[in-house]
Amino acid sequence: MKEKIAVLKRMLDESNYTVALCGSGMLTDGGVRGIKNPDRAYAIERAYGASPEYIFTSAYYNTRPEQFFHFYKEEVLRYIPDPGLGSYAMARMEQAGKLQCVITANVFNQAIRGGCEHVINLHGTVYENQCPRCGELYTVEDILEMKGIPCCRVCNATIRPKVSLFGEMVDSRIMTRTTEEIEKAEVLLLVGTTLRSETFSNYLKYFHGKYLAVLHRTPHYSDEKADLTLIGEPGQILSQLGY
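The sequence shown: position 73 = 79 (my numbering), numbered continuously.
Worth flagging that the hints you see were computed from the coordinates, not collected in a lab. Don't take every hint at face value.
Stated by the list, open to error - Computed cross-link-like contacts, DSS-like style, restricted to lysine-lysine with a CA-CA straight-line distance of at most 25 Å: (1) Lys104 to Lys8; (2) Lys10 to Lys104; (3) Lys231 to Lys216; (4) Lys104 to Lys231.
To be verified - Label pairs and their computed distance ranges (CB to CB): (5) Ala12 to Leu150: 42 to 48 Å; (6) Tyr227 to Ala163: 29 to 35 Å; (7) Ala49 to Lys15: 37 to 43 Å; (8) Lys10 to Met152: 44 to 50 Å; (9) Glu123 to Asp88: 17 to 23 Å; (10) Ala163 to His76: 43 to 49 Å.
Given the structure is predicted, the values throughout are model-derived calculations rather than measurements. Note that beta-carbon positions come from the ideal geometry of N, C-alpha and C, so glycine has one too.
Using the sequences and the hints, build the whole thing.
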């Protein structure tokens with residue numbers, strides 16, 4: 007592993023523009039299993055009688071708002087991960103000029119809370135909840151304090167999380183920014199995700215840089231397509247770079 011970390015550091019030192027794509031492995035780095043984690047998804051289905059992919063949707067929000075928000079509060083907002091070693095390490099990389107952009111599929115602002123400044127939240131963030139009628143914004147604390155269905159204090163409309171729910175398209179402006187950043191990258195890091203990720207696989211065709219490195223917990227058959235693969239906890243690997 008030391009040799010591979012040295013190779014990764016050399017790649018980063020040679021690069022003029024490095025972008026990190028962060029997946030669900032970063033949730034584990036922050037001490038939380040995501041709602042799509044098989045064990046957690048099974049527990050949720052037993053408790054709620056439906057899968058997370060069925061509950062956390064716009065259809066459920068529109069037709070069963072009380073159940074939707076019970077799930078949102080208890081299974082999402084009460085399971086916000088810490089930034090984790092990886093986010094703090096990426097912030098140090100950014101400050102050292104070794105990382106130019108973080109693109110995350112997660113909705114918990116881990117990179118920003120860890121100190122990164124140049125971050126694209128591909129699927130939005132739970133830290134912003136908005137009234138669809140008047141635009142008033144509400145925090146995580148606001149939503150947790152409201153009983154039942156959270157309603158806007160200004161116009162009484164049902165508040166909506168500013169995240170992409172399952173089955174929804176990513177905002178086109180965010181997609182454009184994401185592809186532009188990947189096109190600029192000389193080194194692309196996949197952190198806590200794989201080359202076959204549902205979220206990122208379609209974006210990889212825009213990468214025409216020098217090196218593609220994958221950092222995740224367990225081996226995956228797609229690893230052979232990467233220039234460098236480091237198997238282990240992503241946060242621990244990034245911390246060993248020494249930035």
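Practice problem: Verify the proposed pairing of Lys231 with Lys216, using a straight-line Cα cut of 25 Å. | Solution: Holds, because 13 Å separates the two Cα atoms, which is no more than 25 Å.
Self-check item: Asp88 and Glu123 - C-beta distance against the hinted 17 to 23 Å
Solution: Hint holds: Cβ distance 19 Å, inside 17 to 23 Å.
Quiz item: Quick one, are Lys104 and Lys8 close enough, alpha carbons at most 25 Å?
Solution: With a Cα-Cα distance of about 19 Å, the restraint between Lys104 and Lys8 holds, given a limit of 25 Å.
Quiz item: Between Lys10 and Lys104, is the straight-line Cα distance small enough, at 25 Å or below?
Solution: Holds, at about 17 Å.
Exercise. Could you tell me whether the CB distance from Ala163 to His76 stays inside 43 to 49 Å?
Key: violated (19 Å)
Practice problem: Can you let me know if the beta-carbon spacing of Tyr227 and Ala163 is within 29 to 35 Å? | Solution: violated (47 Å)
Quiz item: Is 44 to 50 Å a correct range for the gap between the Cβ atoms of Lys10 and Met152?
Solution: holds (48 Å)
Practice problem: Using the Cβ atoms, figure out if Ala49 sits within 37 to 43 Å of Lys15. | Solution: holds (40 Å)
Practice problem: Please test the hint of 42 to 48 Å on the beta carbon pair from Ala12 and Leu150. | Solution: holds (45 Å)
Exercise. Take a quick look at whether Lys104 and Lys231 sit within 25 Å of each other, Cα to Cα.
Key: holds (23 Å)
The structure is inconsistent with the numbered hints 6 and 10, although it conforms to all the rest.
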